[in-house]
Amino acid sequence: MVDRLLGRPRDRETAPSAPPPPEDPRDAVWARVQLARNPRRPHTLELVGHITDAFVELHGDRLFGDDGAIVGGPARIDGRRVMIVGHQKGADTDENIRRNFGMGKPEGFRKAIRLFELAERLGLPVVTFVDTPGAYPGAEAEERGVADAIARSIGAMCRLRVPIITLITGEGGSGGALAIAAGDVVVALENAVYAVISPEGCASILWRTPEKAPDAALAMRMSAQDQAELGVIDRVVAEPGEGAHVDAAETGRRLRAVILEELDGLAALSPDELVAKRGGRYRVFGAFDDLGVTEPIPGAADRPGLADRLRRALEPVGKSVGDALGGRTGRDGRDARDAREGRDAREGRDAREGRDEPPAREEV
Amino acid sequence: MPLTLPFRPRRETYPPDMWTKCPSCSEMLFNKHLAKNLRVCGTCGHHFRISAKARLDQLLDPGTFRERDEGLASRDPLGFVDSKPYADRLVAAQLATGRRDAATWGFGALGGRRVAICALDFGFMGGSMGSVVGEKVTRAAEGAFVERIPLIVVSASGGARMQEGTLALMQLVKTIGALERLRAAGLPYISVLADPTTGGVFASFAALGDVNVAEPNALIGFAGARVSAGTIAEELPPGFQRAEFLFSHGFVDRIVTRADLRDELALLLALLRPAGATDDASGSVRRG
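Protein chains in written order, with my numbering: chain A, 1 to 364; chain B, 1 to 288.
Honestly, the hints are just simulated from the structure, not real lab data. One should not assume that every hint holds.
With a straight-line Cα cutoff of 16 Å, these simulated EDC-like cross-link-like pairs (lysine to aspartate or glutamate) come out [claimed, not checked]:
1) B/K84 with A/D215
2) B/K36 with B/D57
3) B/K36 with B/D260
4) A/K277 with B/E180
5) A/K212 with A/D27
6) B/K53 with B/E70
7) A/K212 with B/D82
8) B/K53 with B/E67
9) A/K212 with A/D24
As the structure is a prediction and not an experimental result, all values here were calculated from the model.
With the hints as constraints, model all of the structure from the sequences given.
Shown next as structure tokens:
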């Protein structure tokens with residue numbers, strides 16, 4: 001099984017016209033992160049205003065409440081009916097507090113599921129707008145099952161029998177973005193970014209300081225162009241001038257044209273073909289080799305070598321009580337392990353680094 | 001101070017010490033007894049983390065497990081380098097665990113019933129989900145689909161593997177898509193949540209069991225506890241993100257001790273067997 005990764009060549013809109021790229025690639029990607037987060041950048045409702053001829057916002061998940069960070073409802077674009085679902089950031093501090101900075105809560109994702117299913121019943125294509133730092137990481141979100149809501153929203157998108165077009169317009173932040181981003185076609189604005197974790201969170205974990213966020217942003221290849229090369233994004237749409245924030249109406253016009261074009265492309269597919277094709281799009285993601293069955297891993301024997309045994313024999317018992325299978329459930333144990341010799345500190349970090357969410361979010 | 005000897009350990013391995021101190025009650029536990037007790041503290045009931053292999057040994061009928069796809073290994077798609085290259089981290093984890101990646105899947109029998117089963121190993125880079133873990137969970141679901149048998153996934157993971165970037169994130173969709181097809185086919189899926197199950201793993205296949213079974217006091221949540229405690233200034237409720245917290249909020253069906261897990265799963269498999277499957281446990285076992 002060789003490379004399952006790159007596969008499809010992507011047609012892309014023309015390359016960046018706007019900011020002359022700075023010399024350092026790290027600065028270049030960081031500039032894009034800043035553009036993606038620019039508070040003057042047009043957010044979902046503003047873009048929807050430019051793109052649609054009519055839109056009625058619907059509220060509430062029918063289970064708990066209404067989440068201002070995720071908006072949606074039926075709309076009409078050039079005479080065609082669609083269902084809109086998107087993250088909503090605020091334009092200023094007041095609105096951001098109301099919108100929770102675009103960080104979805106469980107009720108937001110469950111509202112999205114409700115709208116997806118309504119769209120399916122009525123045969124309306126779905127257009128999602130992705131712009132979030134990530135799902136809300138607070139205690140109340142955990143109490144109401146934010147992971148469950150995200151997983152079920154992705155599940156609803158996987159089985160939906162109508163076309164789904166996903167537009168990443170700003171920040172594509174981890175699971176909170178993906179919850180409404182599993183489309184048939186994934187389009188991104190030129191200065192949008194998409195990543196598995198915020199660059200600050202990644203830097204805090206792997207570099208141990210959020211100040212290394214630009215390095216993390218570069219390493220994760222989070223710019224729209226890089227994501228298009230990976231096949232995660234199908235199509236990149238150029239932004240006007242210095243970026244979408246200078247001309248929201250023009251940005252909307254460009255997105256509108258792309259939506260109509262993609263709707264036309266997907267209209268030819270039957271519901272079964274749509275679901276199968278969407279399943280296939282996500283089934284192939286991954287980059288691995290199959291090294292075969294019997295090859296033992298060189299150096300990994302069952303029995304410790306002489307040096308190990310000697311070393312352990314000489315070590316005081318109290319110092320070697322650590323159970324590398326996972327000493328303790330939680331951070332205390334890990335910190336204690338970190339405090340031991342350097343070898344164990346490295347292991348301790350390895351144990352932590354799979355975190356999907358940052359230990360600190362600087363931006364929110 | 002530990003003695004510092006002038007040579008490095010040949011490889012990083014689980015230290016085979018005689019004694020282990022229980023991190024919960026501080027009791028010194030004789031390792032042989034601990035192993036006999038399925039790595040659960042006999043004094044306070046603390047469940048130590050266990051490897052995927054130990055998990056499969058505990059759950060499956062002896063000699064029935066047939067591993068699939070054990071040779072899958074990640075390719076470092078981004079050429080990711082932080083303080084050290086991802087490729088080096090992979091090699092170190094492979095040497096430490098003797099495994100190619102953090103997931104093991106195959107077919108086996110549990111209480112005489114054939115199942116597709118996948119277990120994650122927290123000892124391999126925190127059990128994090130990159131391309132290989134996502135692929136193995138997906139193939140386990142597809143294996144269950146093809147054979148029309150139940151699926152069991154035992155999760156122990158910090159979440160998506162950052163070093164694989166959005167390709168790790170795409171594994172959420174890939175695994176969930178496979179589970180959707182399983183569900184549409186009327187086949188049951190049991191998710192076992194061990195300590196810890198967080199981030200992108202909990203926000204995908206681990207949360208979606210038809211039955212979610214958790215080990216006592218397992219850390220289960222979306223955002224790391226420090227995220228919530230550190231930046232969102234609010235008091236965390238007692239037992240926050242522990243199995244019992246999830247249970248009381250309705251996201252876990254059962255909290256089951258390790259000693260009871262095998263019998264509990266066997267009973268669930270008997271009661272939830274797919275429509276049309278035989279009830280005769282021994283008759284449904286196939287070797288291979």
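Here is what the structure says about each hint:
no.	hint	in the structure
1	B/K84 with A/D215	13 Å, holds
2	B/K36 with B/D57	12 Å, holds
3	B/K36 with B/D260	14 Å, holds
4	A/K277 with B/E180	15 Å, holds
5	A/K212 with A/D27	12 Å, holds
6	B/K53 with B/E70	12 Å, holds
7	A/K212 with B/D82	10 Å, holds
8	B/K53 with B/E67	10 Å, holds
9	A/K212 with A/D24	15 Å, holds
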